[in-house]
Every structure is written in C-alpha cells, then in structure tokens.
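Visitor: In order, the protein sequences belong to chains A and B.
All the letters of the first sequence, read from the start, carry residue numbers 1 to 213 under the UniProt record's numbering.
All the letters of the second sequence, read from the start, carry residue numbers 1 to 213 under the UniProt record's numbering.
Derived from the structure by calculation, the hints contain no laboratory data.
Among these hints, one or two may not hold up.
It does not matter which identical chain is meant; a pair holds if it fits inside one copy or across any two.
Calculated cross-link-like contacts (lysine to aspartate or glutamate; reagent style EDC-like; alpha-carbon spacing at most 20 Å) [to be verified]: (1) K102 with E52; (2) K102 with E28; (3) K158 with E62; (4) K208 with D5; (5) K158 with E19; (6) K46 with D144; (7) K207 with E52; (8) K208 with E55; (9) K102 with D84; (10) K158 with E121; (11) K102 with E147; (12) K207 with E121; (13) K46 with E93.
There are 2 protein chains.
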Amino acid sequence: MSGADIRKQLAVYLVMGLEPVLGRSPVELAGEALSGGVTMLQLREKNLPLSEVLETGRELRELCRKHEVPFLVNDRVDVALLLDADGVHVGQEDIPAVYARKLMGPGKIIGVSAGTPEEAEQAVRDGADYLGVGSIYATSSKADAGEAIGTALISEIKERWNVPQVAIGGITAANAGPVIQAGADGVAVISAITRSTDPREAAAILKKSVMSA
Amino acid sequence: MSGADIRKQLAVYLVMGLEPVLGRSPVELAGEALSGGVTMLQLREKNLPLSEVLETGRELRELCRKHEVPFLVNDRVDVALLLDADGVHVGQEDIPAVYARKLMGPGKIIGVSAGTPEEAEQAVRDGADYLGVGSIYATSSKADAGEAIGTALISEIKERWNVPQVAIGGITAANAGPVIQAGADGVAVISAITRSTDPREAAAILKKSVMSA
C-alpha cells in the first residue's frame, strides 16, 4: 500500500456495524454508500455473535471488492484474517499495531486511533499506515470516543510526521472543510452516512466537501 | 492432541482473568494453582487493554510450559496466535470452532462451550477437541453463564458422542463428585481456586475429589 494510494482511499471512510439502521440492512447500506463514493469501509461490530459477523462481513467484503474499495475490520485481527480483509483498524485498547502487522502480514493496511501526540508518535513508530485522529467534534455514535479535541492535533501530526490521517468524530459535510484544511486526508464517519435518509447522496455530498476543501 | 491425553488434561481446569484477586497477581495465582495440580489453564480476560493481556499472557504461557500444562485463550484467536497458546476456547457467540481451527492449525486444542444437546452436536460436528459443559450449578463468576442445567447433559454427551468434556459452573471440591460420575473428564473452575485463601491447596483438594470420584 503506497502512501499516495492510501491518502486517496481515506477521503470518505465509512465505519459501520451490522445492526439495521433506519430499516436498512448493512449490505443495502454499504451498497448505497459505496455507490455514492465511499473510498474505504470499516466493519466495527462489538455486539453480534461472531458467526453472524463472519457471514455478513463476507458480503460486505465482496461489495467492497466490486467497488475496488479497501475493506477493514475494527479491533479483531482474527476476524480480519478470516474475512481476508484488506486491513485492520486498532484502537488504543486493542492489539498493538506491531502485533496486528505480524498477524496480518506486510501487504495489509494497519490503521491506529490516536487522540494525543503521544499516541500518534507511538502509532507512527509502530508502523501504522494511517492514523484515525479524533474525536474532532462531539459525537453520539461512539460511547467511549472521549472529549472533542478539535483540529489542532491534525495540524501537529501533519507537520511532525506527515503520516496519512483520517479525522473522526462528529464530522458532517458541513464541518468537514476545516479538518481537511488542517491537514487530514479524509474524514471517517458513522452516522453522517448510516443515519441519512439517502446514504448514497450523503456519501456523495461528503466527498464533494472533502474534495473542495 | 490424542483423546486420552486431553481427558487427563481436563481434570482440573483453571479459568482465570488478569485482575488481581484477594491481593494476588495473576502470575502468583497461576503459579500457586499449577503447583497445586491444575492440569489446564485458560486465560479469559474481557476488560483489560490487549497490550496488557499480551504482556501478562506471555508470562502465564511460560509458567504453563514449565508445568507442562496446556495454556488456552478464551474467545480471541488472534491473542492465542500471538501468545503461541496451545489452543483456544470459544463460546457460542465467539468465532465458530471450524474457523478457530482454520486459524490455529491442526495441532492445537479447540474447546467449545455447550449448554444444550444441539450445541454439543454442532461442536462435535465442528471438530471440537473437548466441550465445556454448563453451567452445571449456579455460579457468580460469569454474568452471562445462563441457568444451571445440572448433570443430565454430561451423561447424554458421554452416551451419544463420548467426546472429552469438562464441566463448568459453580463447581467446588464438595460438589465435583456427581459431575465426574455423570461422565465428565474433569472440572473447570474460576472462583473455587482464584478466591481461595490458598489456591495451591484448593487445586490439590479439587484434584483429589476429581480423582476419587
């Protein structure tokens, strides 16, 4: 995965679970979002039985392949391996990036959440392919997301390490501009797409606001 | 792993987390329990950061090797792989046994929890090396353990599949006899050892009551 490739792929990064949202199944939702221009997709499911995660995850992976969009799994490296995912995204409490890399192999994408300069530095040292930086704004999608940190860390990371980074936390088409201008390569969203009445259009509008920023 | 070996190894099976219990560190506790005669050890930690699980897990694995006792990891196949564990134990909501086998390889132990004949049948079909059958008695160690089922399922499993099985749930030296007489190869315990004032003696007494049943 070259640095240039991954920066483009981070533009509009959809993080989603497998519970139906607004009556839409995860496969329907992902299909709509990918058609709208989502450039990377992460499966983040903490509650459902893993048999179901593996079954539906396989469908999402196939959809992503069809759209030539990387498919990542949150936290569970074992699930990522079984789904032949393109990578794994780990938080600060998950398997450290160096070990995730060891299991996944050199060709896969390893993303790491960072909310402080120290966490960013460690992730860079551990060989993360990109950082998920946040929470930028206040968010209701993730109970343990921590306090909003604004865009300062994005600029700092850009300046100090210039590692690919995607901003996450409360981002919408209306407030995506400042995070891109601060140095993020893209935005990661949950509800801005999953809770939209038209996920395809929501993805398209987000992409537009990222591209024009 | 031959069937005869694993039946012996199931005799006194300690399931433990990594939080200190009664002021004892997990490594101290495991050391005492292994000296007292524990024959298999499972690391089951759901709350701590995985960096810590990997670090302390490595110490537990080394201890188990020194005592020539199999070391298993609960649920997380990725953690089991990173710790080079001897196997993995999966519950009904975890990665299905066939997939756990696929990741772990043929030489490793795959244990599966079963609380009904249907779950036992599926686990046998999936190639489980042993079943963890329960909860036998009422237990306070595991919030999601379900209702106590008594020993009838043990007898049924013994008769229908004769697969190695360890009984779990509320088992102590005082009530271990009936589960062995019903056909279990051993007993899995958490608090009977971890909450004992003398874990070494608790393990020794449990072993005696299993052996004499």
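Visitor: All hints, please: hold or fail.
Guide: The hints, checked one at a time:
no.: 1; hint: K102 with E52; verdict: between (26 Å within a copy, 17 Å between copies)
no.: 2; hint: K102 with E28; verdict: neither (33 Å within a copy, 30 Å between copies)
no.: 3; hint: K158 with E62; verdict: neither (33 Å within a copy, 42 Å between copies)
no.: 4; hint: K208 with D5; verdict: within (19 Å within a copy, 63 Å between copies)
no.: 5; hint: K158 with E19; verdict: neither (35 Å within a copy, 39 Å between copies)
no.: 6; hint: K46 with D144; verdict: both (13 Å within a copy, 16 Å between copies)
no.: 7; hint: K207 with E52; verdict: neither (31 Å within a copy, 39 Å between copies)
no.: 8; hint: K208 with E55; verdict: neither (33 Å within a copy, 45 Å between copies)
no.: 9; hint: K102 with D84; verdict: both (15 Å within a copy, 13 Å between copies)
no.: 10; hint: K158 with E121; verdict: within (12 Å within a copy, 55 Å between copies)
no.: 11; hint: K102 with E147; verdict: neither (32 Å within a copy, 40 Å between copies)
no.: 12; hint: K207 with E121; verdict: neither (28 Å within a copy, 50 Å between copies)
no.: 13; hint: K46 with E93; verdict: both (14 Å within a copy, 11 Å between copies)
The structure does not agree with the numbered hints 2, 3, 5, 7, 8, 11, 12 stated previously, though it agrees with the rest.
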